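Trainee: Chains as they are written, first to last, in the working numbering: chain A, 1 to 268; chain B, 1001 to 1099; chain C, 2001 to 2633.
Derived by calculation from the structure, the hints in this document are not laboratory data. Just so it is clear, the structure is predicted and the values come from calculations on it, not from any experiment. Do not take every clue at face value.
Stated by the list, open to error - Going by beta-carbon spacing under 10 Å, a handful of chain A positions derived as facing chain B:
1) W13
2) I14
3) V112
4) H173
5) A261
What the hints assert, rightly or not - Which stretches of chain A does chain B cover? Using the computed rule of at least three CB atoms under 8 Å from a CB of chain B, they are:
6) 35–44
7) 102–108
8) 126–136
9) 183–197
10) 247–253
C-beta: ideal position from N, C-alpha, C; glycine also.
Here's the letter readout for the chains.
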Amino acid sequence: MIPLVTGQEVTFWIVAPLMVLGALGLLFLRKAVYAALSMAFVMVNLAVLYASLNAMFLTFVQIIVYTGAIMMLFLFVLMLVGVDTPDSVVETLKGQKVAAWLAGAGMLGLIVFGIGGSLAGGPQVGLDEANAAHGGNVESLAALIFGRHVFVFELTSALLITAAVGAMVLGQHARVRPKPTQRDLAEKRMREYAEDGVHPGTLPNSGVIARHNGIAVPALLPDGTVSEASVSQALAMRGVILDSPALSRTTAEAFEAIEGARAEEDES
Amino acid sequence: MSPDNYLYLAAILFTIGTIGVMIRRNALVAFMSVELMLNAANLAMVAFALARGGLDGQVATFFVMVVAAAEVVVGLSIIITIYRTRRSTSVDAANLLKL
Amino acid sequence: MITLETLVPATGLFSYAWLMIVVPAVVAAVLLLFGSILDRIGHWLAVAAVLVSFTVAAILFVQLLGADPESRAVSVPLFEWITTGMWNVKAGLLVDQLSILFAMLITGVGALIHIYSVGYMAHDERRRRFFAYLNLFIAAMLILVLADNYLVLFVGWEGVGLASYLLIGFWQYKPSAAAAAKKAFVMNRVGDLGMTMAIMSMLALFGSSSFTDVNSGAAHLTPFWATTIGLLLLLGACGKSAQVPLQAWLLDAMEGPTPVSALIHAATMVTAGVYLVVRSHEIFGMSDAASTAVVVVGCVTLLAGAWIGTSKDDIKKVLAGSTMSQIGYMMLAAGLGPVGYAFAIFHLLTHGFFKANMFLGAGSVMHAMDDDVNMRHYGALAKVTRITFWTFAMGYLAIIGFPGLAGYFSKDHIIEAAFEVSTLAGVCALVGAGITAFYMTRLMLMTFFGEKRWRPGVHPHESPLVMTVPLIILAFFSVIAGALMNWWIQEWLEPAVGNHVHEVSLVPGPIGWATLAVVAAGVALSWWLFGTKPIPDVAPASANPFTVAGRNDLFGDAINDTLVVQPTLLAARGLVATDDKLIDAAANGVGTMFAGLSSQTRRLQTGQVRSYALTMTIGVLLVGAVLILTQLG
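Given only the sequences and the hints, what does the whole structure look like? Please build it.
Mentor: Structural data, given as structure tokens:
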């Protein structure tokens, strides 16, 4: 008997390689944001697989809860803690990478040949009958969740409440020392000036030149050089600040003119 | 179609998640690897549900998702707290377990 | 078969017998707790307490005299003491012919000694404390003799041990006194070990420790257990009564103030051993071996004590040796069985009077000689301290057994009874009487007669009335106590101790004449040696082994040292060495091993989360592999 190629199989063979690729992205992409995106990709693909496995309810839960909520939470946190610090490629733990790959290979072998091998085979029964019992996949799931598993379901509500409270407690910023007053801050500033020579005044504003008042334009010092302190560090790291020679050129020209005039005066 | 292929896929994903936990130093990425492992397990359960003709696998998957949501909330809070005090999300930096 | 005494429940005045014990105990507590505000009147309070006890004892005695002989043993139940699953120990008092005599002796002599102490301790800063201890002793001693079972007796037994310890070490700033107190305490512990084991055996065998139960149950004892309990009791008695082999503490106990020596270490506490043996007469009656042991101990001690008495120059140590010797007589009598019980108690009572008399007299002499105890520094005191001399002389005549005086009756009876049972014991007792006469005469001659050998600056004087009046009263009883009780005590004690009544007469029998002759010989020899020649100022060096042994307390300390102390120290050192070298080394070795192992294992703990994840993964792999492999197998 020639096996029929079903839609399920087609879907699987398209989606599965993509999922593996996405998962590998988790391993190899150095920037955490890319890793998160590839993870989201895996999850969406997983939702597709759920659909092909007759699990319509889970398909949407997967997209809404996992991809929509959990992965977005990850992205938020990534933005909070800074997206600009890629993983270092230098392995600090000796032999960790090799050992990890070996252990991974062992794990794969264990699952596939051990557990998987003992369960594989057998025809698919299909869910039509189970779904039909209550008039559809969602209804049948609901009957199970609110029927046989209702106690577990109630427990999960307690778990979610606990998790929410826990997250709030952890997120709360407990003040360990009293808030510094203006006087403290002033004294601290003077102390830093006395000890380390830190300039006690405000930092120079950006964009003092009339032509450019954007925050990406550094201030010019009296000698025409650019003051690095006048622009945001983040902008400087990204390299989006204005080119400094172009800015200082006007000053340099003015200086030259003044010098020229002085020279003429001296000659005369 | 037998569930074998799904199981192989789930095994591969699970293994990748395991390796991710072990080699990635960014706590967030390691955490995502854990999520990947959970998803792999979910896939296996849904595949079995279809193969065995029962909905219990799907119910279990549902509960796993709920628990994963709770876990992620708390886990991310912890990561933020660590980041606040140590200015880093590298798990190597958090070797406070050692005296 | 010995008739057992039957107890009658307490009625009327008897139910107040506990007052005898409680009054001195409370006064002792008050004196100790209320501090210096009682310094001025504390001693009279203590005297009053003992007089109250004496009055109660006297009233009860008169009541018993009036009662018919069958109802003279009165039991006074007090309270339930220990109630556990198997045991139900009731604390109660037993007022019978034996215990009331003891109570009379303790409170009577005790009261006199209290009064004497008022004068003797007049210049001591801590007189109040001294009297508190004396009262504590009286209370404990009364518990000992009035108890109706061995456990309560043991409470008093330990109480007098404590009081004795406190009083021997009363001048604890003197190292010798502190050491003597410790020595007495430790040696008494050896005896107490025997005592406790005996009590436990009784509890195990009879299920009760009351005298009635034990004495009635003794008849059913196997010979082995009768002997065991008897020997254990004897061990306890030896410890308390300073009998060989536990005699060494008594001589050192003379470091305490002299009234203490008189009250505790001569008249009352040291006789507790005799009391114990007489109380347990049924047990000793069941075992020939045990009663023979008592006789042997008595004979050895009476000779050893007398021997020590002959060669000491310290007046109190001579008297201490004499005490040992006289208690040896009592032990001997108690060991003779029914024939001797009454005589043991008889001698105990007369000895209580005349030995207290002489000890207090010695205290008076010391008082006169600025606390010098060396008899070689005395001499010719008869003229200076007349009352002390005459009262002491009464005690002297009583102890050597001058016809008509107290010791004559009591000691001669013991010697006669000893000859009845065993010639050897009789000869020992007879020889002991001679030696007693010898050393007591020596003491008299060196102290009161001869030339003045006083140290320069010593001006002897008679003691105040408060000290001499007790001396006179005691001397009076030393004279008449024997005649008073001679015809009466045997019948009186018969129901309580089960003795056999002997015919006694004033005219001595052959043994009586022999005793008189031996005593006379002892006196004459002593007179020839010490009365006719001047006494050297320091003890002459002597190679005579008897003298050397006597001066060294028969090497009692050396024997203890060699037999007990050194082996103990050696064993202790061995154990310490074993502990250090073997057990500690093993323990330390294990510790070092684990420390080394740990410092190696510690490297595994990097604190790196990813390492831990790796370890976990490998662990899962191993567990999974094992599971699969076992499935395959």
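Trainee: All hints are to be evaluated individually against the structure, with a verdict given for each.
Mentor: Hints, one by one, checked against the model:
1. W13: Holds, about 8 Å.
2. I14: violated, 12 Å
3. V112: holds, 5 Å
4. H173: Result: holds, 7 Å to nearest chain B Cβ.
5. A261: Not OK, violated: A261(A) not within 10 Å of chain B, min 53 Å.
6. 35–44: Result for this restraint: holds, n = 5.
7. 102–108: Per the Cβ count (5), the hint holds.
8. 126–136: holds (count 5)
9. 183–197: Since 0 is below three, the answer is violated.
10. 247–253: violated (count 0)
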